[in-house]
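Protein chains: 2
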Amino acid sequence: MLPLDEFSLIRAWTERRQPKEWLSAAGVRIGIGDDAAAVEAAPDKDWLFAVDTMVEEVHFRDETMTDEDVGYKALAANVSDIAAMGGVPLHALVSVSIPPSWTPERMKRLFDGLYDCAGRYGVAVVGGDTTSAPRHLVVSVTLVGVVEQGRAIRRSGASPGQIVFVTGPVGLSAGGLHGMLGSASAAETGIPRAKKTPPPPKSLVQAHRRPAPSVKAGRLLLEQGFASSLNDVSDGLASEAWEIAEASGVSIVLKEPRLPLAGELASYARHCGVDPLEWMLYGGEDYVLLGTADKSSEAELRALFRSEGLPLFVIGETEAGDAGVWLDSEGGKRKPLDKRGYNHFARG
Amino acid sequence: MLPLDEFSLIRAWTERRQPKEWLSAAGVRIGIGDDAAAVEAAPDKDWLFAVDTMVEEVHFRDETMTDEDVGYKALAANVSDIAAMGGVPLHALVSVSIPPSWTPERMKRLFDGLYDCAGRYGVAVVGGDTTSAPRHLVVSVTLVGVVEQGRAIRRSGASPGQIVFVTGPVGLSAGGLHGMLGSASAAETGIPRAKKTPPPPKSLVQAHRRPAPSVKAGRLLLEQGFASSLNDVSDGLASEAWEIAEASGVSIVLKEPRLPLAGELASYARHCGVDPLEWMLYGGEDYVLLGTADKSSEAELRALFRSEGLPLFVIGETEAGDAGVWLDSEGGKRKPLDKRGYNHFARG
Chain A
1 MLPLDEFSLI
11 RAWTERRQPK
21 EWLSAAGVRI
31 GIGDDAAAVE
41 AAPDKDWLFA
51 VDTMVEEVHF
61 RDETMTDEDV
71 GYKALAANVS
81 DIAAMGGVPL
91 HALVSVSIPP
101 SWTPERMKRL
111 FDGLYDCAGR
121 YGVAVVGGDT
131 TSAPRHLVVS
141 VTLVGVVEQG
151 RAIRRSGASP
161 GQIVFVTGPV
171 GLSAGGLHGM
181 LGSASAAETG
191 IPRAKKTPPP
201 PKSLVQAHRR
211 PAPSVKAGRL
221 LLEQGFASSL
231 NDVSDGLASE
241 AWEIAEASGV
251 SIVLKEPRLP
261 LAGELASYAR
271 HCGVDPLEWM
281 LYGGEDYVLL
291 GTADKSSEAE
301 LRALFRSEGL
311 PLFVIGETEA
321 GDAGVWLDSE
331 GGKRKPLDKR
341 GYNHFARG
Chain B
1 MLPLDEFSLI
11 RAWTERRQPK
21 EWLSAAGVRI
31 GIGDDAAAVE
41 AAPDKDWLFA
51 VDTMVEEVHF
61 RDETMTDEDV
71 GYKALAANVS
81 DIAAMGGVPL
91 HALVSVSIPP
101 SWTPERMKRL
111 FDGLYDCAGR
121 YGVAVVGGDT
131 TSAPRHLVVS
141 VTLVGVVEQG
151 RAIRRSGASP
161 GQIVFVTGPV
171 GLSAGGLHGM
181 LGSASAAETG
191 IPRAKKTPPP
201 PKSLVQAHRR
211 PAPSVKAGRL
221 LLEQGFASSL
231 NDVSDGLASE
241 AWEIAEASGV
251 SIVLKEPRLP
261 LAGELASYAR
271 HCGVDPLEWM
281 LYGGEDYVLL
291 GTADKSSEAE
301 LRALFRSEGL
311 PLFVIGETEA
321 GDAGVWLDSE
331 GGKRKPLDKR
341 GYNHFARG
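Going line by line, the protein sequences match chains A and B. Heads up, the first sequence is in UniProt numbering, so the first residue is 1 and it goes up one at a time. Heads up, the second sequence is in UniProt numbering, so the first residue is 1 and it goes up one at a time.
The shape of chain A in the complex, shown without the other chains (with noise of 0.2 Å):
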């Protein structure tokens, strides 16, 4: 993450440097902004590209991932982006700057951990660039997908007066994250903290560690044509929200009553002493779908969700007003949410 608002620092960077009826001409539909790029390739298909790029002490540290883990989650976040799309996962570059701390057996296990991604996404791995880096690691994935052509479902198409749904539950990994630093930092000084944070529950690593895009959510919004904005969870749950109401231009009310907690979660919150409601709405890299829908399709949505195994949790709504994202506690009481995401190893 960058100190300052990241998207306000992109747009400065890359707001009108070319003109909208170039980029029209040139065949591109969404540019800079969504979690893809689309691009006509054919009479009845678009191509979706989205690059991630991860890097070591500021994405992962040897004691928060395994080298298998960096290659495949850097596949994964990319699988996500192209599902929030309502695409189709195809092709993969990769990017790889390599310290001399990474050694060739260490290569070989990340892309271990990249291919066994790829096989279950079923993604062509076809390029990419090798070169050295004085110090820290850096993978940077490309994908390119496909969608039916002009259907990609955008952040910004949600109007007032329709549900916010997501695509399973939140905050595990942070969860995750938390309880791998937390321990480790015990382990490393030898001295147990005031309050030692317990070692995480495996569901919570592996979900930090691998997570599963909803590459057959994303698919089945599209096809059946419920979803009118989505967005993938990968900076937090308040921070994609609030992404798809600056889109949409529309106020977003979460009900923190339907939020869904894993049962995991609550628990080992529950032992670490804290309140997992902050990991849930800001900590990031889950990976689910945020999205909305018209509110007379919901029992449909539900029971189609329902049919294919797949989880689907209505947790709000969408109102007329000023971009914003709000949050109803369980007593009524509403409080607005910050736009900040989540950084993983907060620096002074």
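Each statement offered as a hint is correct.
Restricting the straight-line Cα-Cα distance to at most 27 Å, the calculated cross-link-like pairs of lysine-lysine (DSS-like) are: (1) K202/B to K216/B; (2) K339/B to K108/A; (3) K108/A to K20/B; (4) K216/B to K255/B; (5) K255/A to K216/A; (6) K333/B to K295/B; (7) K216/A to K45/A; (8) K108/B to K339/A; (9) K45/B to K20/A; (10) K20/A to K45/A; (11) K45/B to K45/A; (12) K202/B to K108/B; (13) K45/B to K20/B; (14) K108/B to K20/A; (15) K216/A to K202/A; (16) K339/A to K295/A; (17) K255/A to K295/A; (18) K216/B to K295/B; (19) K333/B to K255/B; (20) K45/A to K20/B; (21) K295/A to K333/A.
Examples of chain A residues lying across from chain B (beta carbon under 10 Å, computed): (22) A124; (23) V126; (24) G127.
Please keep in mind that the hints were generated in silico from the structure rather than gathered at the bench. Where a beta carbon is used, it is the ideal one built from N, C-alpha and C, also for glycine.
Given the structure of chain A, go ahead and fit chain B onto it with the hints provided.
Chain B alone, transformed into the frame defined by chain A:
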């Protein structure tokens, strides 16, 4: 560059991971191992994908490149990869991981340079990713190009008895870099070297900072069907010739007197008291095209390039035999050329 042989490492990490038949069924025409990958996009066209990464302290430093140059060159290197397949560049994705030393103002300048290059080659910037980094800047650009279906020019098409050509002079970028590093060291330390490096002429600095990929030459070669193999000179003439020799299973013999030595490079090398041949053979980043063609088409090829106002130098020929690269000196003495590429800032 990596300390060991980059290509054998990449092979070890990626080879035989995915069955050829499966890749082919997934529409992959050219996978890992050429300048760009090629994938079926529509009945009449293939799409090309290339990715190139520039790492601070490995590919550039403050004293060798302005911030604008870094952005320009990161895209230009990819444009050259597409040119080397005979393709047309279309869409780019830009991933940056940003250390504290790169302020938003510096990043703005980097994007100024990148969009300058995009404008020059008609490339639409459609997406990207932005993360922070602990120390060094990494810019990774993915470029999508297009080419007539099944016609991308590979490295593997050379056969014995063909001519070897290059589409411009080589060694200029390395000469410019040598000059900038030499001058900077002298300036930094305050102690003039025993043999002080004179400041490099502007044309060599420009060659290093603002390379001009041979898109027009690549298209001409594809449209007229002249090139049996093609590669861009990113790692150095010897290294690129080795790639063609190995991929095609031929021996390549370069003729020293025919190598295109630019006047300003010859005169600067004399000033520095060095032999420019090292720069010409092993200095990379000239981004001209190196290729092979039938002997019978030599006159036609020369006439075509002359009529288009483009440079073309016939610098050697292919022979039957084990894959290898040789240099015939003026006196007719033949010596083998190393496979090594260029190490920007050799360490230890």
